[in-house]
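Engineer: The primary structure of each chain is shown beneath.
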Amino acid sequence: MSARKVRWTRVWIYVVLVLAAVLYLLPLYMTVATSLKAPADIRLDTAWEFPRALHWDSYRTAWQQFSPQLRNSFVLAITATVLSTVMGSMNGYVFSKWRFRGSEIIFPLVLFGMFIPYQSILIPLFQFLRSTGLYGGLPGLILVHVVYGLPITTLIFRNFYAQIPDDLLESATLDGAGFFGIYGRIVLPLSVPGFVVTVIWQFTQIWNEFLWAVTLTRPAAQPITVALANLAGGQAVQWNLPMAGSILAAIPTVLIYIFLGRYFIRGLLAGSLKG
Amino acid sequence: MARVVLENVSKHFGDVIAVNNANLVIEDQEFVVLVGPSGCGKSTLLRMVAGLEEPTSGNIYIGDRLVNDVPPKDRDIAMVFQNYALYPHMNVYDNMAFGLKLRRFAKDEIDRRVREAAAILGIENLLHRKPRQLSGGQRQRVAVGRAIVREPAAFLMDEPLSNLDAKLRVQMRAELSQLHDRLKTTTIYVTHDQVEAMTMGDRIVVLKDGVIQQVGAPLEIYENPENVFVGGFIGSPAMNFMNGVLKRDGDDYIVDLQAFRLKVPEEKVQKHPKIKEYVDKPVVFGIRPEDIADAQLLPEEERRQVVTAQVAVTEPMGSEVYVHFEAGEHRFIGRLDAATAARAGQSHPVVFDLAKMHLFDAATEKAIR
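Sequences listed follow chains G and L, in order. Here the first sequence stands for residues 1 to 275, numbered as in the numbering used here. Here the second sequence stands for residues 1 to 369, numbered as in the numbering used here.
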């Protein structure tokens with residue numbers, strides 16, 4: 001009797017889950033379906049229908065059209081992610097293991113940066129980049145993302161390193177390792193889960209970011225998010241192109257999550273240093 | 001190898017005085033145990049020798065070299081931590097070799113030392129395992145091995161056995177003692193466990209509230225505790241203490257404990273004439289549980305000054321029985337022969353072996369000598 005009851009609860013759970021999944025996947029279906037239609041077939045009344053013939057041309061066109069911006073996005077996201085992650089790791093190492101006078105004041109100040117909305121510092125940022133000559137190019141945008149990423153990367157690494165027992169570092173000190181020796185030989189090798197979490201977070205944030213990208217770069221340095229928006233903003237839009245472009249633009253973050261996702265969960269729950 | 005000297009060493013953490021003016025000489029090849037309850041400053045003292053803490057004042061010498069300003073890595077010491085502090089990402093071999101690699105030893109020298117230490121500790125077959133694949137006892141051995149390969153002037157051990165289960169602890173205790181007999185390296189060993197202190201140390205240093213209470217060989221401390229704290233801390237079950245007043249009756253000196261009176265043996269008074277100064281003053285009477293005997297099991301002529309006390313609890317240990325007595329305001333534990341007829345709820349006669357009694361000043365808690 002109770003077995004049957006359990007089974008019905010199960011069924012309900014699955015029904016709800018499937019409905020939720022369908023709801024979440026609808027926009028994706030729309031994107032994929034539209035990207036595969038011929039431009040002439042895209043009309044509002046048939047928007048939900050599956051394409052009559054698969055029309056892969058839009059991907060080729062999108063690839064040709066967007067490849068400079070995709071390259072910009074890669075350069076931007078990879079450089080800024082690597083820099084902000086490495087610097088965050090060193091910050092976290094210092095804030096968790098090499099406390100100094102005033103560090104308990106400086107650390108919250110660093111964290112405060114997380115709560116500053118992008119929009120509120122847009123104009124000063126613009127003026128700063130203008131006056132330093134970095135406006136319009138990728139280096140300026142990279143700098144901005146690195147600085148803006150430091151609070152969160154510092155926080156993640158500080159919390160991650162807080163789990164590394166002090167004994168371990170003291171033992172390394174007695175073994176003859178100094179500040180950088182301990183970082184390079186003990187802390188860094190134990191940081192892989194921390195790096196995965198931070199890399200996924202930073203890469204996704206920077207790759208998807210639009211506002212700064214559109215404000216602080218000239219066309220030659222624009223990343224993919226800006227290019228997509230430009231394409232979709234015109235008069236007579238061929239919807240299959242931006243849809244194909246969106247999918248191309250989404251692939252890197254999806255791949256990162258697929259390959260590193262299990263470490264992401266593990267890293268967030270990290271108790272991985274025991275023993 | 002070297003001797004270690006602490007000279008007026010103090011350590012303050014803000015307003016807290018962790019170590020207060022410690023003076024101690026640890027001879028070359030000696031195994032000295034620092035023992036005391038948690039928070040007594042024993043670990044802080046050890047960490048100052050290691051260089052992980054800086055003394056607020058005082059001097060520390062290792063091998064007659066003043067090391068106050070010498071960084072930990074150059075002090076020629078190796079430390080074993082309570083949690084072993086093995087590097088989780090390195091295998092056993094690399095864990096042991098790490099310190100030598102950083103010191104740029106030749107590869108074959110490193111290899112020779114690691115294999116030698118592994119052989120001593122019986123962990124040759126574990127060299128390629130990661131720490132997480134080891135049992136507690138094996139990790140402990142690796143931690144010791146990591147200290148051995150350095151061939152330091154002194155070993156510092158901070159509660160190295162406290163994470164092991166009881167059985168393994170007994171075994172490792174013996175192994176560490178053997179190891180010291182073999183290597184003869186000066187060792188400072190910190191523990192809160194008085195059994196470890198008694199069994200392992202050439203000398204014991206008892207600490208409380210950052211102050212060294214007594215330094216001496218284990219039996220010396222056991223038999224002649226300097227004060228109430230040391231008497232109570234070393235030995236299990238702990239020494240019994242009863243508050244009373246010293247009285248004089250003709251030529252005899254009597255400890256008046258209200259519920260009963262006990263005559264201080266003449267030899268005691270002769271040996272410690274200071275006792276005479278305490279007539280009519282409050283004193284603390286101390287007696288170890290094993291110095292209390294069941295009067296019924298003694299031959300007639302030894303049944304003197306029999307005290308009858310109420311039995312509260314009996315704890316049979318097999319070979320003997322721990323009997324908790326109550327007499328007036330006093331409670332005390334006796335280790336009686338297993339043949340005792342003492343039963344909870346009944347009263348029972350006991351005899352104190354007064355030749356082994358201790359007398360302390362009730363105000364200063366210092367032994368009256």
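For the record, the hints were derived by calculation from the structure and aren't laboratory data. All residues carry an ideal CB built from backbone N, CA and C; glycine is no exception. Any given hint might turn out to be false.
Claimed, not checked - Listed below are the simulated BS3-like cross-link pairs for lysine-lysine, each with C-alpha atoms no more than 25 Å apart in a straight line:
(1) L:Lys274 x L:Lys263
(2) L:Lys271 x L:Lys281
(3) G:Lys97 x L:Lys101
(4) L:Lys281 x L:Lys247
(5) L:Lys208 x L:Lys184
(6) L:Lys281 x G:Lys97
Said to hold, decoys possible - Which chain G residues stay away from chain L? Per the calculated CB distances, all over 10 Å, these:
(7) Tyr59
(8) Gln64
(9) Arg71
(10) Pro139
(11) Leu155
(12) Ile258
Engineer: Does each hint hold? Answer for all of them.
Structural biologist: Consistency of the hints with the structure:
Distance check on the hinted pair: Lys274 of chain L and Lys263 of chain L sit about 16 Å apart at the alpha-carbon level, within 25 Å; holds. Distance restraint check for Lys271 of chain L and Lys281 of chain L: the Cα-Cα separation of roughly 19 Å lies within the 25 Å cut-off, and the hinted pair is therefore satisfied. At roughly 23 Å between alpha-carbon atoms, Lys97 of chain G and Lys101 of chain L fall within 25 Å of each other, so this suggested pair holds. For the hint pairing Lys281 of chain L with Lys247 of chain L, the CA-to-CA distance comes to about 8 Å; that is within 25 Å, so the pair holds.
Between Lys208 of chain L and Lys184 of chain L, the direct Cα distance comes to roughly 28 Å. Violation of the 25 Å bound is thereby established for this hinted pair. Our distance criterion of 25 Å between C-alpha atoms is broken by Lys281 of chain L and Lys97 of chain G, whose separation comes to about 55 Å. Look at Tyr59 of chain G: its CB is around 43 Å from the nearest CB on chain L, clear of 10 Å, so calling it non-interface holds up. Every beta carbon of chain L lies more than 10 Å from that of Gln64 of chain G, the smallest distance being close to 46 Å; the non-interface claim holds.
Arg71 of chain G, annotated as away from the interface, keeps every beta carbon of chain L farther than 10 Å; the closest lies near 36 Å. Pro139 of chain G, annotated as away from the interface, keeps every beta carbon of chain L farther than 10 Å; the closest lies near 36 Å. Chain L leaves Leu155 of chain G outside its interface by the beta-carbon criterion, the shortest separation being 23 Å against a cut-off of 10 Å. No beta-carbon of chain L comes within 10 Å of the beta-carbon of Ile258 of chain G; the shortest separation is about 26 Å.
Hints 5 and 6, counting from the list given before, are not met by this structure.
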